[in-house]
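Now for the letters of each chain:
2 protein chains.
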Amino acid sequence: MVVDQLRTRPSDADTDRLFHALADATRRDIVARVTAGEYSVSGLAALYTMSFAAVQKHVAVLERASLVTKEKRGREQIVRGNHEGLQKARRLLDQLEMIWRQRAGRIADILAEDDERDLP
Amino acid sequence: MVVDQLRTRPSDADTDRLFHALADATRRDIVARVTAGEYSVSGLAALYTMSFAAVQKHVAVLERASLVTKEKRGREQIVRGNHEGLQKARRLLDQLEMIWRQRAGRIADILAEDDERDLP
DNA sequence: ATATCGTACAACCAAATGGTTGTAGATCAG
DNA sequence: CTGATCTACAACCATTTGGTTGTACGATAT
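The listed protein sequences correspond, in order, to chains A and B. Residue numbers for the first sequence follow the working numbering, beginning at 914 and rising by one. Residue numbers for the second sequence follow the working numbering, beginning at 914 and rising by one.
It is worth saying that the hints were derived from the structure and are not from the lab. Remember, it's a predicted structure, so these values are computed and weren't measured experimentally. The C-beta atom is built at its ideal place from N, Cα and C for all residues, glycine as well. Misleading hints may appear alongside valid ones.
[Stated by the list, open to error] The calculated EDC-like cross-link candidates involving lysine to aspartate or glutamate, where the alpha carbons are at most 16 Å apart (straight line), are:
hint	chain 1	residue 1	chain 2	residue 2
1	B	985	B	951
2	A	1001	B	1010
3	B	1001	A	925
4	B	970	B	937
5	B	1001	B	927
6	B	1001	A	1010
7	A	1001	B	1007
[Stated by the list, open to error] On the chain A side, residues computed to face chain B include the following (Cβ under 10 Å):
hint	residue
8	928
9	931
10	932
11	936
12	946
13	948
14	963
15	967
16	991
17	994
18	996
19	1000
20	1005
21	1006
22	1016
Please work from the sequences and hints to get the whole structure.
Right, here's the structure in full:
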C-alpha cells in the first residue's frame, strides 16, 4: 500500500506538473525570458527553430504549471513570468534540504554526545 | 549582461534529467526517504504497491540525475540521498529568482546595471 | 550443495510527450 | 471589405516513459 508519504504538501499532480515543466531546456529558456520581460507567443516562437504550434504547447505547459501567465492584449497573448510557481518549486526543494540537514544534525549528535549545539 | 545568461545552454541534458527525476511523486518520496536514512532497493520496493523492477527503474532515474547514490553492501544495494543533485536544482531556481528580482529592480529603479556571471 | 534473497536486465505494452501540418476564428492595417 | 497577423486547436506521428513479467546471476543461509 502506498504508505503515508514523507512530506508532500501541494497536490502531487501540481508538483509533478511543476517539475515536469522545468525539465525541458526550451521551457526553462522561455521562463527566463518572460521573467525578465514581456513576450507575445509569436515573439517567443520567433526565438526558436521549432514551429509556432510547438512553442504554443510549451507555453501551455508552463501556464498549467503556474510558471507563466498569459494575458490577451489586442490580438496578441502576452506571456509573463509567474513568481508563484517558482516559489513553490523552491519551497519543495527547501523541504528536502531541511530533511538533509536534520539527518546531518542527527549524525553530528551521535558523533558528539554532548549537545553544545544551539542556534545563535 | 543578462542577455548572455538567457542565451546559455542550447540544451542542458543534466538539468533536464534533474527536473525530470523530480517530476514524479514516487521518486520525490524515495528522495525524501533516502535523504533521511538508508534503504536497500528492496527495502524501498516494499514501501510501494508497484513491482520491484519499477522501483528499481525509479532509483536508476534518480541516480542518473545525481539525486541518490547506490553502494553495494553484501548482496544489497544501499541507496542514499546525494546532496549534490539537490544543490544543483536549488541553484538553478535561484538563478531564475535572481532574474525575477533584477526585473523588479529595473522597474523600481532604472539602470544600476551590474555584470554577473554564474557557474553552469 | 541447494535453496533463497537481492539485484540486474531484457522484452513487451499502454499512455504520454514533443514535434509536425492543417484549419479556423479574431483582430488589425489599408 | 480584403488581406495579413496572431492565436487556438485538432489530427497525426515517432519516441520516451512508466509500468509489467520473466530470466539470470552473485551472495547468503540452511
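Right, here's what the structure says about each hint:
1. Of the pairs offered as hints, the one joining residue 985 of chain B and residue 951 of chain B holds, with about 12 Å between alpha carbons and a cut-off of 16 Å not exceeded.
2. Distance restraint check for residue 1001 of chain A and residue 1010 of chain B: the Cα-Cα separation of roughly 12 Å lies within the 16 Å cut-off, and the hinted pair is therefore satisfied.
3. Taking the CA atoms of residue 1001 of chain B and residue 925 of chain A, the gap is near 22 Å; set against the 16 Å cutoff, the hint is violated.
4. The straight-line distance between the Cα atoms of residue 970 of chain B and residue 937 of chain B is roughly 12 Å, inside the 16 Å bound, and the hint therefore holds.
5. Between residue 1001 of chain B and residue 927 of chain B the alpha-carbon distance is near 10 Å, which keeps this suggested pair within the 16 Å criterion.
6. Taking the CA atoms of residue 1001 of chain B and residue 1010 of chain A, the gap is near 12 Å; set against the 16 Å cutoff, the hint holds.
7. The suggested pairing of residue 1001 of chain A with residue 1007 of chain B holds, with an alpha-carbon distance near 12 Å, which does not exceed 16 Å.
8. Restraint check, residue 928 of chain A versus chain B: the minimum CB separation of about 7 Å is within 10 Å; hint holds.
9. The criterion of a C-beta within 10 Å of any C-beta in chain B is met by residue 931 of chain A, whose closest approach is roughly 8 Å, and the hint holds.
10. Proximity of residue 932 of chain A to chain B holds as hinted, the smallest CB-CB distance being about 4 Å (cut-off 10 Å).
11. Interface hint status for residue 936 of chain A: upheld, as the beta-carbon distance to the closest one in chain B is roughly 4 Å, under 10 Å.
12. Interface hint at residue 946 of chain A: satisfied, since its Cβ lies 6 Å from the closest Cβ of chain B, which is below the 10 Å cut-off.
13. At its closest, the beta carbon of residue 948 of chain A sits 5 Å from a beta carbon of chain B; the interface hint therefore holds under the 10 Å criterion.
14. Restraint check, residue 963 of chain A versus chain B: the minimum CB separation of about 13 Å is more than 10 Å; hint violated.
15. Interface restraint check: residue 967 of chain A against chain B, minimum CB-CB distance 15 Å, threshold 10 Å, status violated.
16. Among the interface hints, the one on residue 991 of chain A is violated; its C-beta lies about 15 Å from the nearest C-beta in chain B, farther than the 10 Å criterion.
17. Proximity of residue 994 of chain A to chain B holds as hinted, the smallest CB-CB distance being about 6 Å (cut-off 10 Å).
18. Residue-level restraint check for residue 996 of chain A holds (minimum Cβ-Cβ distance to chain B is 6 Å; threshold 10 Å).
19. Satisfaction of the interface hint for residue 1000 of chain A is found here, the shortest Cβ-Cβ separation to chain B being roughly 8 Å, below the 10 Å cut-off.
20. Because the beta carbon of residue 1005 of chain A sits about 8 Å from the nearest beta carbon in chain B, less than 10 Å, this interface hint is met.
21. Look at residue 1006 of chain A: its Cβ gets to within about 5 Å of chain B, closer than 10 Å, so that hint holds up.
22. Hint status for residue 1016 of chain A relative to chain B: holds, with the closest Cβ pair at about 6 Å, below 10 Å.
Comparing the model with each numbered hint stated earlier shows that hints 3, 14, 15 and 16 do not hold.
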